[in-house]
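Q: For reference, the chains in residue letters:
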Amino acid sequence: MKFRKKGKVLLVIAIIGYLFLWGPIIVLGVFSFSSDSYGTRWLSFTAKWYGELFQTSAIMDAVIRSLIIASVTVLAATAIGTLAGYGLYKYKFSGRRVLRTSILLPITVPYIVMAGALLVYFTRVVRIPLGYPAIIVAHISFSAPLAVFITLGRMQRIDWSLEEASIDLGANRLTTWIKVTIPLLLPAIFSSAVLIFPWSFNDFTITYFVAGVGTSTLPLYLFSMLQYSLKPVLINGISLIFILLPTIAILVISSLQRESKKTR
Amino acid sequence: MGLKKFFIKKKANLSALPVVGPLSIWILLFVLMPLAVIFIISFLGRDITGSIIPSFSLDNYRLLFSEGSEYAKAILRSILFAFATNVACLIIGYPMAYWIVKHGGRFKPLLLLLVIVPSWSCYIVRIYALKQLVGYPGILNNFFLKIHLLASPVEILYTAPAVVLGLIYIWLPFMVLPVYASLEGINPALLEASVDLGATPAARFLTVTLPLSKGGIFGGTILTFIPAFGDWLVPLLMGGNKVWMAGNFIAHYFIVIGDLPLGSSMTVFLTAAIVLMIYLCIKLGGEEAIERIL
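Protein chains in written order, with this note's numbering: chain A, 1 to 264; chain B, 1 to 294.
There could be a bad hint or two in this list.
A short list of chain A residues far from chain B (calculated; beta carbon distances all over 12 Å) [to be verified]:
# : residue
1 : THR46
2 : GLU52
3 : SER57
4 : ALA58
5 : PRO183
Calculated lysine-lysine pairs in the DSS-like style (CA-CA distance at most 27 Å, straight line) [stated by the list, open to error]:
#  : chain 1 : residue 1 : chain 2 : residue 2
6  : B       : LYS102    : A       : LYS8
7  : B       : LYS242    : A       : LYS231
8  : B       : LYS131    : A       : LYS48
9  : A       : LYS48     : B       : LYS146
10 : A       : LYS231    : B       : LYS146
11 : B       : LYS131    : A       : LYS231
12 : B       : LYS242    : B       : LYS73
13 : A       : LYS8      : B       : LYS214
14 : B       : LYS108    : A       : LYS8
15 : B       : LYS214    : B       : LYS102
Quick caveat, the hints were computed from the structure, so don't treat them as lab data.
C-beta: ideal position from N, C-alpha, C; glycine also.
Whenever a hint applies, use it, and build me the whole structure from the sequences.
A: Structural data, given as structure tokens:
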């Protein structure tokens, strides 16, 4: 009897937890269809905010900037991160521990610390122009370590005898890399990209520090909409899109994974 | 022999170079160097306008902790808020993870995704959503006023509890995940053994489950306490300009005032406090705490 009660308490807390995580976004999504210009009371159904959202060129420009930055970041960070993950797993070299510890830094130190440090560094020491170059360099510093850890996690589950077999059968290093190693690493590369893209697209703090003037990404633009009360009601619609897109992405990815398991 | 060993090591070094080289250089140039630079700047002098004077000085740190320093208060406030966030995330997050492990069945992956997905949407949008819900004019206030459950609007925004609420909202998922991972890793045979030996469910939880999930708890603590401690956007949006945390001072001194020496010393102090926290978490939670955050 007592045990049952405990189970109920757990269930109630779990429901509260999920409601807390999802409630605000779902409610906001629903109210994005209300004609109230503050988006906080239900007047009548309308989709006009969505029309306005897609016609506001400043928002669309910001989306494009964010997409550019996230794409470049994903390509560069996944490449150098996956390589390094492979190296850390396969080779023993001096400085290995130092490297492993220092890639923990950007992940564990608060964003504001790295953001401040990078701003000072870019403007006073190496003079990387604020805007696209600075944002992309900063984003790679943060996301490459993520790719390293994902790769390291995946590598333990890979059958490396295939690589040895390829070399035994006379393939040189490069051919082995292209024909064996990279295909083996593909799932890790894919997971890294899936994790890094939204991270880069959504980042606010680091981008805010190193963006300079005129390179407003979507999060930066949303922030200015809130700060200067420029039609914040439009953000209601954005929140629904932000929740729908990853959900659809997950459904697609998980169904793809199921497919690939079936074919195997 | 020694020479041979040296050569073997050297060879391994060389073949590792093309794969780990790019990241090593990148981390050195764009992570370690920037941190070193602000560390150095924090020990340089500054004139009244906040420009750097190239001479060694401890004045920045002295200024941070002088009588009635707002930054010192903000550090204490940040510790308090982060601690409250951490405890609240544990109180909600631990049972959530426990419930998923016990009753999730084949829906476990889906239930976990439902915890993670909200954290994939933009931070700003999420805080704004929370603000629209609990603020005034806000959705809850409007609703309760309309059905006459409230006589006058309740404004909780721009207070300390509102900031903590925002922090919990943002960082909760990062407590659930590591706790889930460590609970899932517990060998069920241990739980059965404790029941066979006559442990009541409560005793079993306290003597077996809880100690074995220690790594997850401290891993989750690293993932919630530290970002909450260094947060500046939640206090800015949920607290207005009234409830500043340490991060708000850093942003203010770097971006609004442009006082690099003082901003740097604030950043260095914040980082030092965080390194100490991580050290304590690893000391208390063991190596597993580190594993669980990755």
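Q: Determine for every hint whether it applies to the structure shown.
A: For each hint, the structure was consulted:
Even its closest Cβ contact with chain B, about 17 Å, leaves THR46/A beyond 12 Å, as expected for a residue assigned away from the interface. A cut-off of 12 Å between C-beta atoms confirms that GLU52/A is not in contact with chain B; the least separation is 17 Å. For SER57/A, the requirement that its beta carbon stay farther than 12 Å from each beta carbon of chain B is met, with the minimum near 20 Å. Interface exclusion of ALA58/A from chain B stands, the closest Cβ pair being 15 Å apart, more than 12 Å.
Every Cβ of chain B is farther than 12 Å from the Cβ of PRO183/A; the closest lies at roughly 17 Å, confirming the non-interface assignment. With a C-alpha separation of about 12 Å, the suggested pair LYS102/B and LYS8/A falls inside the 27 Å cut-off, and the hint holds. With a CA separation close to 24 Å, the supplied pair LYS242/B and LYS231/A stays within the 27 Å bound. This hinted pair checks out: LYS131/B and LYS48/A have alpha carbons roughly 22 Å apart, not beyond 27 Å.
The hinted pair formed by LYS48/A and LYS146/B meets the criterion: a straight-line CA distance of about 25 Å does not exceed 27 Å. Pair hint LYS231/A plus LYS146/B holds up; C-alpha atoms about 24 Å apart against a cutoff of 27 Å. Proximity of LYS131/B to LYS231/A is assessed by CA-CA distance (about 15 Å); at most 27 Å being required, the pair is judged to hold. In summary, the hint linking LYS242/B to LYS73/B is supported, as the alpha carbons are separated by about 13 Å, within the 27 Å threshold.
For a cut-off of 27 Å, the pair hint linking LYS8/A to LYS214/B stands: about 24 Å separates their Cα positions. Note on LYS108/B and LYS8/A: the hinted pairing holds, with a Cα-Cα distance of about 18 Å set against a maximum of 27 Å. Restraint check for LYS214/B and LYS102/B: satisfied, since their Cα atoms lie roughly 18 Å apart, inside the 27 Å limit.
The structure is consistent with each of the numbered hints, conforming to all of them.
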